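Peer 1: With these hints in hand, go ahead and build the complete structure from the sequences.
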Amino acid sequence: MYKITSLIALVTLLGLSSCTKDPINDLSSEESLVYVTNRDTQADYKQYKTFSIVDSVLVMENNRTGTTLDDLDKAVLIRIIDNMKDLGYVMVAPAQKPDIGINVAWITNSQLNVTSMPLYYGNYWGGMGGWGWGYPSYYQYYETSESYWHISMVDFKNPNTVDKTYKVVWDAQIRGSDIGNRNLANTMIDAIYSQSTYLKK
Amino acid sequence: MKKILFALLLISFSSVVRAQEAPRLYTLPSPFERYTHFLVTGRIAGAVPMGSFSDSYIDKASFRNYSISLEWVLRNSPLSVGGEIGSSHFQKRLPRALYQSGNETVSAVQTRTLSQTPLQVFVNYHFLNKSSVVQPYAQVSAGISFADYSLYYGSLVQQQQKIPFAYGVGLGSRFLFKKDGSFGADVRVKYEGTSLKSGYLEKGTSTVNGSVGLFYRWW
Numbered sequence: 284m285y286k287i288t289s290l291i292a293l294v295t296l297l298g299l300s301s302c303t304k305d306p307i308n309d310l311s312s313e314e315s316l317v318y319v320t321n322r323d324t325q326a327d328y329k330q331y332k333t334f335s336i337v338d339s340v341l342v343m344e345n346n347r348t349g350t351t352l353d354d355l356d357k358a359v360l361i362r363i364i365d366n367m368k369d370l371g372y373v374m375v376a377p378a379q380k381p382d383i384g385i386n387v388a389w390i391t392n393s394q395l396n397v398t399s400m401p402l403y404y405g406n407y408w409g410g411m412g413g414w415g416w417g418y419p420s421y422y423q424y425y426e427t428s429e430s431y432w433h434i435s436m437v438d439f440k441n442p443n444t445v446d447k448t449y450k451v452v453w454d455a456q457i458r459g460s461d462i463g464n465r466n467l468a469n470t471m472i473d474a475i476y477s478q479s480t481y482l483k484k
Numbered sequence: 003m004k005k006i007l008f009a010l011l012l013i014s015f016s017s018v019v020r021a022q023e024a025p026r027l028y029t030l031p032s033p034f035e036r037y038t039h040f041l042v043t044g045r046i047a048g049a050v051p052m053g054s055f056s057d058s059y060i061d062k063a064s065f066r067n068y069s070i071s072l073e074w075v076l077r078n079s080p081l082s083v084g085g086e087i088g089s090s091h092f093q094k095r096l097p098r099a100l101y102q103s104g105n106e107t108v109s110a111v112q113t114r115t116l117s118q119t120p121l122q123v124f125v126n127y128h129f130l131n132k133s134s135v136v137q138p139y140a141q142v143s144a145g146i147s148f149a150d151y152s153l154y155y156g157s158l159v160q161q162q163q164k165i166p167f168a169y170g171v172g173l174g175s176r177f178l179f180k181k182d183g184s185f186g187a188d189v190r191v192k193y194e195g196t197s198l199k200s201g202y203l204e205k206g207t208s209t210v211n212g213s214v215g216l217f218y219r220w221w
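From first to last, the protein sequence lines stand for chains D and F.
Using this note's numbering, the first residue of the first sequence is number 284, and each one after it goes up by one.
Using this note's numbering, the first residue of the second sequence is number 3, and each one after it goes up by one.
No lab work stands behind these hints: they were computed from the structure.
Nothing here was measured: the structure is a model prediction, and the numbers come from that model.
Heads up, a few of these hints could be off.
Said to hold, decoys possible - Taking lysine to aspartate or glutamate and the EDC-like style, the derived pairs with C-alpha atoms no more than 16 angstroms apart in a straight line are:
#1 Lys-164/F <-> Asp-150/F
#2 Lys-440/D <-> Asp-327/D
#3 Lys-357/D <-> Asp-338/D
#4 Lys-181/F <-> Glu-35/F
#5 Lys-94/F <-> Asp-57/F
#6 Lys-205/F <-> Asp-61/F
#7 Lys-94/F <-> Asp-309/D
#8 Lys-94/F <-> Asp-305/D
#9 Lys-304/D <-> Asp-150/F
#10 Lys-440/D <-> Asp-323/D
#11 Lys-94/F <-> Glu-314/D
Peer 2: Printed below as a string of structure tokens:
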């Protein structure tokens, strides 16, 4: 009897665990993209007339920074310029003191993870009291890395002279598994502007 | 010659004895009536979300539901008790849409999923005796469910895993393939609920599922 029930339990667990499949493996590249925009509700966008944009893309990876200007970066910068002009802003050189400055960054966060169970079972074991699992060094580790585009709009017209800062009045993040695809550059940039209609002059 | 006659007499006498015993053996109640026995059932099911689960999260039927149960059918009682472990998966894809949260606007294709592995004990009440070819029953169950609420924005996921209380009531029937046999089919309609509260799910989950299955019983 014990053997039969053990066999049933084993077969059940194996069977049930094999039922799960990746729910997003059928997403297209475009569908995988997520556009997040934030705005300063105090900002009056009508007051801004001119803008300028960085001449290359800032690359930030953990604590390292640098700049890049490959085909993808150029496409992104040009499309931002096109969208700003379409909204009614006039592009000027940085020396002409634009009302708005646009920064464009490619940010990568890397993390080292252990292939482990989370502390989810803390309650199951009767409350862990802040204790976690200890993993010996021979356990497998893997590194995850997530990159995203970050585009921000800085108010040069109204600097905070007290603490010497320029306020970010709008920013956008583009996340997803295919954000480095040159063919999606226009789609990505158009999307963040189309969901920010309040920027229109 | 005497030996042959004696042998024939012996054979005919033993035949008479067998003929007299056979009806008596046949009239004994089935072993499944006389003994507490075991019964294992495997089921596949289609399930429909109900109530707030359907209104606020996923309203799409699922056909990715399985379970297996093991029960003890009690002697001299219309009851059986047992345990059941299952797997269910609900999923729905929404086209790209804007989601507002404070000053933040998110544009994404949402994929809503809820996977559960319910583990419950149950009591069945059998309306007819255990040797009946058709055995309708009513069921109540309670236990826990290992729930995984994963809400995808594009390829990004918000995941919450919890172990809520789970319960259910059902009506079903078993159909023996032959009288007093060990194998048969099982059909069941069951309402199942959990107290899961995650994200869009603010009032738990409720579903109605219809299953077909096969069972084997032994003693």
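Peer 1: Please go over all the hints and tell whether each is borne out by the structure.
Peer 2: Hints versus structure:
1. For the hint pairing Lys-164/F with Asp-150/F, the CA-to-CA distance comes to about 7 angstroms; that is within 16 angstroms, so the pair holds.
2. With a C-alpha separation of about 11 angstroms, the suggested pair Lys-440/D and Asp-327/D falls inside the 16 angstroms cut-off, and the hint holds.
3. Restraint check: the Cα-Cα separation between Lys-357/D and Asp-338/D comes to about 9 angstroms, which is no more than 16 angstroms; the hinted pair holds.
4. In summary, the hint linking Lys-181/F to Glu-35/F is supported, as the alpha carbons are separated by about 12 angstroms, within the 16 angstroms threshold.
5. With a C-alpha separation of about 13 angstroms, the suggested pair Lys-94/F and Asp-57/F falls inside the 16 angstroms cut-off, and the hint holds.
6. Between the alpha carbons of Lys-205/F and Asp-61/F the distance comes to roughly 15 angstroms, so the proposed pair stays at or under 16 angstroms and holds.
7. In summary, the hint linking Lys-94/F to Asp-309/D is supported, as the alpha carbons are separated by about 13 angstroms, within the 16 angstroms threshold.
8. At most 16 angstroms may separate the alpha-carbon atoms for a hinted pair to count; Lys-94/F and Asp-305/D meet this at roughly 13 angstroms.
9. A distance of roughly 13 angstroms separates the Cα atoms of Lys-304/D and Asp-150/F; the hinted pair therefore holds under the 16 angstroms criterion.
10. Distance hint between Lys-440/D and Asp-323/D is fulfilled; the C-alpha atoms sit about 15 angstroms from each other, no more than 16 angstroms.
11. Distance check on the hinted pair: Lys-94/F and Glu-314/D sit about 14 angstroms apart at the alpha-carbon level, within 16 angstroms; holds.
Of the numbered hints given earlier, the model fails none.
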